[in-house]
Amino acid sequence: MLSGTLPNVFLGRTGIQSDIWRQQVTFEKGKTYLIEAASGTGKSSLLSFIIGYRHDFDGRILFDGTDIRRFGTAEWTNLRQEHVSILFQELRLFPELTAMENVEIKNSLTRFKERKEIERWFEVLGIGDKMHSPVRQMSFGQQQRVAMIRALVQPFDFLLADEPISHLDEANSQVMASIMMEEARRQGAGIVVTSIGKHMDLPYDKTFRL
Amino acid sequence: MRLVWKLLRRHISIGQLLGFFLAGLLGMTIVLLSLQFYRDVRPIFSEEDGIIRPDYLILNKKVSSLDAIGLGSAGTFSEREMKELESQPFAKRVGAFTASKYKVSCNMGIDGMAAFGTEMFFESVPDAFVDVNLQKWHFSEGDDVVPIILPKTYLAIYNFGFAQSQNLPKLSENVVGMVEMTITMRGNGLSESIKGRVTGFSSRLNTILAPESFIRWSNLRYAPEADTTPSRIILEVSNPADDSILHYINNKGYEMEEDKLDAGRMTFFLRLVAGIVMLVGLLISLLSFFILMLSIYLLVEKNTEKMRTLLLIGYSPSRVAMPYQLLTIGLNAAVLLLALGLLCLVRSLYMQRLRTVFPDVGGESILPALLFGLALFVAVSLANALIIRRRINTIWKG
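So the protein lines, in turn, are chains H and V. If you're matching positions, the first sequence starts at 6 in our numbering and goes up one per residue. If you're matching positions, the second sequence starts at 7 in our numbering and goes up one per residue.
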């Protein structure tokens, strides 16, 4: 839940028209949200706040009623391992590792997914042949799919996807969307997708304009 | 863990780590070696005397030229003088040296062959002044072995003078205890032999000491008429550094036997030199510690983004810090082990040398050096691990 949240850099601005900033917003498990944003409206900042990467905001962000400013190292680590998964806009893959290793390094934390299932995802997303190629040799669109698989190999209550399909064609976007929905449903988790242009085709429960 | 290591080992500079390793090895080896060398060599300098305690003083009268022509008091202490000394505030106990008043000769043999024969004499002090197990320091009439204590210089004379020139083996104190000694006593028309066994060496006594009971018995037997007023006395004081002792002794015209070898000063210099060398070793170790930390800092700097990503996808700071912590601990352990190996090697070399001159050395264990090295390893590794963890924590905070 966000309560009157605003990035510090926006503090001086007046006339902010937003469905999120300075509003009372609650994200619930099991629901799907789309945040549409023009660039420069603080989309990535919002996700950074939620994941605990940045703390330069005003107002409050709460998980199940607990203010995240009260979280210590152990709470954040647990949150990132078990409760909130994120697909970064800039992907944050490790270029020196292979695609599979990039997924494994995440999966080894919780041993959440079987190797077989991970391999199946690679196949379904059309990068089965790239499984053991170094990520740096892959196109951005291919890397986006690897990053998606990495985001799915952990238990989560919410999946945050920051512009997940910016470099994907329609067919691959569809596949990715269905995998994401399938996994989120299985876990009973909520999905928050951001987009500045074309957005993933999902049955959104609510759309916010940032 | 394997993947994390694969990720974080990038940018490791072998050159820097090698630099640390060599400097660390040098520092650690110098530290351990100085400690061990000090411990190995100290017994040679410190004439610790297990027989006559340092708060026992040995006094005699100055020998004047009158004594030489037989006109003085013969340098003996009268009953009255001893009573007066005993009543002084600094004195705790006074004992007289009693000398043998008959002719004594002694033959020493090794493997049944006579090797060394000399005229000699005995003296005794009250048994309470001799710090030897009283079971060993014991004689009663009818015994065929008499325990004796020799001055340490005798052993030195034998080892460095006699044995060397005659190609005889050098003897340690323990071996001398096994040497067979035949003592022949003549006087009062008798000539009898008895076995002697060396039970100890003293560096503070310039005499051959036998149990009091033996001297009393033998003087009665071989020289019943002789006068036994003492020419030397032994004095137990409460504080040997007390000025009034020296004052009294000078006033009375007595002389105090001083330790011939200024062991205290030698030990002081030994400690000073060993301390300086160890300090140099510690400085080099400290330097190597900084090299390692600098290297790790650079490594963390170059890998910061990767570490941040690891933290963001759910790795805890302790798991991210672990590869570098293990790396430093492993390096430190390698340094310790190799330094210990070098220590043993160098020690065996210098001990060989030392043993040819001082057969008694070598009883010191290397355990203290080992423990010191281990303590240094633990301290340095802990510091390393802590610094790395703090570095990761700053990444965590952004």
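Calculated from the structure, these hints are not laboratory results. One or more of the hints may lead you astray.
To be verified - Only pairs whose alpha carbons sit at most 20 Å apart, straight line, appear in this in silico EDC-like list of lysine to aspartate or glutamate:
(1) V:K142 - V:E87
(2) V:K107 - V:E90
(3) V:K107 - V:E147
(4) V:K403 - H:E187
(5) V:K312 - H:E175
(6) V:K68 - V:D46
(7) H:K203 - H:E175
(8) H:K36 - H:E109
(9) V:K109 - V:E198
(10) H:K121 - H:E101
(11) V:K12 - H:D72
(12) V:K109 - V:E87
(13) V:K109 - V:E231
(14) V:K308 - H:D134
(15) V:K201 - V:E125
(16) H:K121 - H:E109
(17) H:K211 - H:E33
(18) V:K403 - H:D63
(19) V:K67 - V:E231
(20) V:K403 - H:E109
(21) V:K109 - V:E147
(22) V:K67 - V:D233
(23) V:K312 - H:E95
(24) H:K118 - H:D61
(25) V:K107 - V:D46
(26) V:K176 - V:E186
(27) V:K312 - H:E101
(28) V:K403 - H:E80
(29) V:K12 - H:E109
(30) H:K36 - H:D162
Claimed, not checked - Here are some chain H residues pointing at chain V (derived, C-beta under 7 Å):
(31) D72
(32) I73
(33) R74
(34) F76
(35) T82
(36) R85
(37) Q86
(38) L114
(39) R116
From the three backbone atoms N, C-alpha and C, an ideal C-beta is built for every residue, glycine too.
Here's how the hints hold up against the structure:
1. For the given pair, V:K142 sits about 32 Å from V:E87 by alpha-carbon distance, which is inconsistent with the 20 Å threshold.
2. The suggested pairing of V:K107 with V:E90 is violated, with an alpha-carbon distance near 26 Å, which exceeds 20 Å.
3. In summary, the hint linking V:K107 to V:E147 is supported, as the alpha carbons are separated by about 18 Å, within the 20 Å threshold.
4. With a C-alpha separation of about 35 Å, the suggested pair V:K403 and H:E187 falls outside the 20 Å cut-off, and the hint is violated.
5. A distance of roughly 31 Å separates the Cα atoms of V:K312 and H:E175; the hinted pair therefore is violated under the 20 Å criterion.
6. Between V:K68 and V:D46 the alpha-carbon distance is near 39 Å, which puts this suggested pair outside the 20 Å criterion.
7. For the proposed pair H:K203 and H:E175, the alpha carbon gap of about 10 Å is at most 20 Å, so the pair holds.
8. In summary, the hint linking H:K36 to H:E109 is not supported, as the alpha carbons are separated by about 28 Å, beyond the 20 Å threshold.
9. At most 20 Å may separate the alpha-carbon atoms for a hinted pair to count; V:K109 and V:E198 meet this at roughly 11 Å.
10. Only pairs whose Cα atoms come within 20 Å are accepted, and H:K121 paired with H:E101 is rejected, the gap being roughly 23 Å.
11. Our distance criterion of 20 Å between C-alpha atoms is broken by V:K12 and H:D72, whose separation comes to about 36 Å.
12. For the hint pairing V:K109 with V:E87, the CA-to-CA distance comes to about 29 Å; that exceeds 20 Å, so the pair is violated.
13. A distance of roughly 14 Å separates the Cα atoms of V:K109 and V:E231; the hinted pair therefore holds under the 20 Å criterion.
14. Between V:K308 and H:D134 the alpha-carbon distance is near 31 Å, which puts this suggested pair outside the 20 Å criterion.
15. At roughly 15 Å between alpha-carbon atoms, V:K201 and V:E125 fall within 20 Å of each other, so this suggested pair holds.
16. The straight-line distance between the Cα atoms of H:K121 and H:E109 is roughly 12 Å, inside the 20 Å bound, and the hint therefore holds.
17. Simply put, H:K211 and H:E33 have alpha-carbon atoms about 11 Å apart, close enough for the 20 Å limit, and the pair holds.
18. With a CA separation close to 18 Å, the supplied pair V:K403 and H:D63 stays within the 20 Å bound.
19. Between V:K67 and V:E231 the alpha-carbon distance is near 24 Å, which puts this suggested pair outside the 20 Å criterion.
20. A distance of roughly 26 Å separates the Cα atoms of V:K403 and H:E109; the hinted pair therefore is violated under the 20 Å criterion.
21. Of the supplied pair hints, the one linking V:K109 and V:E147 holds, its CA atoms being roughly 19 Å apart against a limit of 20 Å.
22. Between V:K67 and V:D233 the alpha-carbon distance is near 18 Å, which keeps this suggested pair within the 20 Å criterion.
23. Straight-line distance between C-alpha atoms of V:K312 and H:E95 comes to about 13 Å, which keeps the hinted pair within the 20 Å bound.
24. Taking the CA atoms of H:K118 and H:D61, the gap is near 35 Å; set against the 20 Å cutoff, the hint is violated.
25. For the hint linking V:K107 to V:D46, the alpha-carbon distance of about 43 Å lies beyond 20 Å, and the restraint is violated.
26. Under the criterion of a C-alpha separation no larger than 20 Å, the hint pairing V:K176 with V:E186 is consistent with the structure, at around 16 Å.
27. The suggested pairing of V:K312 with H:E101 holds, with an alpha-carbon distance near 10 Å, which does not exceed 20 Å.
28. Under the criterion of a C-alpha separation no larger than 20 Å, the hint pairing V:K403 with H:E80 is consistent with the structure, at around 14 Å.
29. The suggested pairing of V:K12 with H:E109 holds, with an alpha-carbon distance near 13 Å, which does not exceed 20 Å.
30. Restraint check for H:K36 and H:D162: the C-alpha separation of about 10 Å stays at or below 20 Å, so the hint holds.
31. Because the closest C-beta pair between H:D72 and chain V is about 18 Å apart, greater than 7 Å, the hint is violated.
32. A least Cβ separation of about 14 Å between H:I73 and chain V goes past the 7 Å threshold, and the interface hint is therefore violated.
33. A cut of 7 Å between beta carbons decides the hint on H:R74: the least distance to chain V is about 13 Å, and the hint is violated.
34. Here the hint on H:F76 is broken, as its CB sits about 12 Å from the closest CB of chain V, past 7 Å.
35. Annotation: interface hint on H:T82 holds; nearest CB of chain V at approximately 4 Å, less than 7 Å.
36. Below 7 Å, beta-carbon pairs count as interface contacts, and H:R85 has one with chain V at about 4 Å; its hint therefore holds.
37. At about 4 Å, the closest approach between the beta carbon of H:Q86 and any beta carbon in chain V falls short of 7 Å, and the interface hint on this residue holds.
38. Taking 7 Å as the C-beta contact cut-off toward chain V, the hint placing H:L114 at the interface holds, the least distance being around 5 Å.
39. Below 7 Å, beta-carbon pairs count as interface contacts, and H:R116 has none with chain V, the closest being about 13 Å; its hint is therefore violated.
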